[in-house]
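Residues in the sequence shown are numbered from 0 upward in steps of one, following numbering that gives the first Met the number 0.
Worth flagging that the hints you see were computed from the coordinates, not collected in a lab. Remember, it's a predicted structure, so these values are computed and weren't measured experimentally. Glycine residues also receive a C-beta, built at the ideal position from the N, C-alpha and C atoms. Among these hints, one or two may not hold up.
Derived CB-CB ranges, DEER-like [to be verified]: (1) 38 x 76: 32 to 38 Å; (2) 118 x 271: 49 to 55 Å; (3) 321 x 228: 36 to 42 Å.
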Amino acid sequence: MQNIQKRTLVTAALLLASVLLFIQPVTNIFVNASSGDGSSSSPYTVTQAINNQDNSTKSVEGYIVGQPISTTSVITSNFPNNYAFALADSPSATNIEEMVYVQIPSSFRSSFGLQSNPSLLGEKVKVTGTLTNYFAHAGVKNGTAFELQNDDTQPPEPDPETPDLDGYYDDADGKTGEQLKSTLHNIIDDHTEISYSNVWEALRETDEDPSNSNNVLLLYTGRSQGKNDNGGNADDWNREHVWAKSHGDFGTSMGAGTDIHHLRPTDASVNSSRSNLDFDDGGSEHSEADGNYYDSDSWEPRDSVKGDVARMIFYMDVRYEGDSGELDLELNDQVNNGSAPYHGKLSVLLEWHEEDPVDDFERRRNDIIFNDYQHNRNPFIDHPEWVGEIWE
Numbered sequence: 000m001q002n003i004q005k006r007t008l009v010t011a012a013l014l015l016a017s018v019l020l021f022i023q024p025v026t027n028i029f030v031n032a033s034s035g036d037g038s039s040s041s042p043y044t045v046t047q048a049i050n051n052q053d054n055s056t057k058s059v060e061g062y063i064v065g066q067p068i069s070t071t072s073v074i075t076s077n078f079p080n081n082y083a084f085a086l087a088d089s090p091s092a093t094n095i096e097e098m099v100y101v102q103i104p105s106s107f108r109s110s111f112g113l114q115s116n117p118s119l120l121g122e123k124v125k126v127t128g129t130l131t132n133y134f135a136h137a138g139v140k141n142g143t144a145f146e147l148q149n150d151d152t153q154p155p156e157p158d159p160e161t162p163d164l165d166g167y168y169d170d171a172d173g174k175t176g177e178q179l180k181s182t183l184h185n186i187i188d189d190h191t192e193i194s195y196s197n198v199w200e201a202l203r204e205t206d207e208d209p210s211n212s213n214n215v216l217l218l219y220t221g222r223s224q225g226k227n228d229n230g231g232n233a234d235d236w237n238r239e240h241v242w243a244k245s246h247g248d249f250g251t252s253m254g255a256g257t258d259i260h261h262l263r264p265t266d267a268s269v270n271s272s273r274s275n276l277d278f279d280d281g282g283s284e285h286s287e288a289d290g291n292y293y294d295s296d297s298w299e300p301r302d303s304v305k306g307d308v309a310r311m312i313f314y315m316d317v318r319y320e321g322d323s324g325e326l327d328l329e330l331n332d333q334v335n336n337g338s339a340p341y342h343g344k345l346s347v348l349l350e351w352h353e354e355d356p357v358d359d360f361e362r363r364r365n366d367i368i369f370n371d372y373q374h375n376r377n378p379f380i381d382h383p384e385w386v387g388e389i390w391e
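Construct all of the structure, not just a fragment, from the sequences and the given hints.
Laid out in C-alpha cells, this is it:
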C-alpha cells in the first residue's frame with residue numbers, strides 16, 4: 000500500500016511539473032505579444048516608451064489616465080487646458096512612474112484635449128511622436144498622429160506652424176492703458192512653473208539654432224554653440240536672467256527666477272559682465288560680444304536683439320504684479336536700480352522695441368514656451384502694438 004501511494008505521489012508530481020513547463024512558454028508568448036517594436040502596426044507599450052526615452056520617433060499605445068500639470072502631479076478632473084494627457088498600460092494606474100506624459104500639438108487639441116473631451120479619460124489611444132522628456136518626466140512630444148482605438152475616426156493633419164490660441168486674448172480686445180495691462184496680467188498669470196535645473200533642458204529647445212539642431216544661439220554674442228556645452232567656465236553658455244534677478248532679489252526661485260520668457264542662453268563670461276546692469280545706450284564695446292556696449296550702470300545689447308530684450312522686460316512687468324505672494328516688478332526710466340524690484344530704462348526700451356521688430360525666432364520661442372513648458376505667452380510678441388497702448 001505504501002509503494003502504491005509513493006508511485007501515485009511521484010506520478011502527480013511529474014504531471015504537475017509537465018503542466019508548469021507547458022504554462023511557462025505560453026505565459027512568455029502572452030508577455031511578448033504585449034510588447035511591440037514601436038511601429039504603427041506594433042506600437043510600444045507605455046512601459047517600453049518609458050524605458051526608451053532616446054529621442055526616436057515611435058508609436059505608443061495606452062490608456063488615458065489624467066492630465067499632467069507638473070513633474071509629480073497628474074489630475075483626473077477639472078482639466079485646465081487641452082495641452083497634455085498621461086498614458087499608462089492600465090486604465091486604473093495611479094503611480095506616476097508607470098505613466099508617460101504626452102504633449103498634444105495644437106492641431107490635435109480639439110479632438111484629444113481633456114478640457115474639451117473629458118470623456119476620453121480611460122480610453123485607449125495610439126500616439127506617434129518623439130520619445131523625450133516632457134515636464135521633466137518620461138514623455139512623448141511633437142506628435143504626428145493620434146488615434147482613438149475604439150472608433151474609426153481619423154486624426155486631423157498637424158499644423159505646427161500656427162498655435163491654436165482658443166480665444167487666448169479675447170478679454171483684452173478693445174482695452175488700453177492700465178485696464179489692458181491688468182487684463183493681460185490675468186491672462187498670462189499662474190503659468191506652469193519649472194525648476195531652475197529644468198531650465199537647461201527648456202533652453203535647449205526654445206533657443207535651438209534654426210540652422211543647426213545640435214546648437215543653441217547665444218543672446219548677446221549671437222554665437223551658435225553646442226547644446227551640451229553649458230556650465231560655468233569662461234566659454235560655456237549659462238542661464239541669463241534678462242530681468243536681472245537681483246532687481247527684486249528673486250534669485251533662481253520658481254516663478255520669476257525660472258520664467259523661461261526672460262531666461263536666455265548666454266556666454267558665461269559675457270553674462271558676468273552684464274551682471275545686474277539696467278539697459279541703456281552707450282558705453283564701451285565688449286571685447287567678446289561685438290555690438291554690445293556697457294559702462295558702470297548700463298548694458299546695450301547688439302542691434303538684432305534689442306527688441307527681444309525690450310519685449311522680455313515688458314513681459315516681466317506685466318506678469319509679476321504683486322498678487323499670489325509674488326513680487327511687483329515695475330519698469331522705470333532710471334538706471335542703477337540695484338536690488339529694488341525695478342528695471343530701466345523704459346524710454347530706451349520703447350525705442351529698441353520699435354527699432355527691432357518681432358522676428359520668427361521670437362515667435363517660435365513663444366510658441367514652444369506656450370505649448371511645451373509654461374502654457375502662457377509673451378503678449379508683446381503676439382501683439383507688438385500693445386506696448387504703445389500701455390506705456391506710451
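Report task. Identify every previously stated hint that the structure contradicts and give their numbers, smallest first. Result -> none
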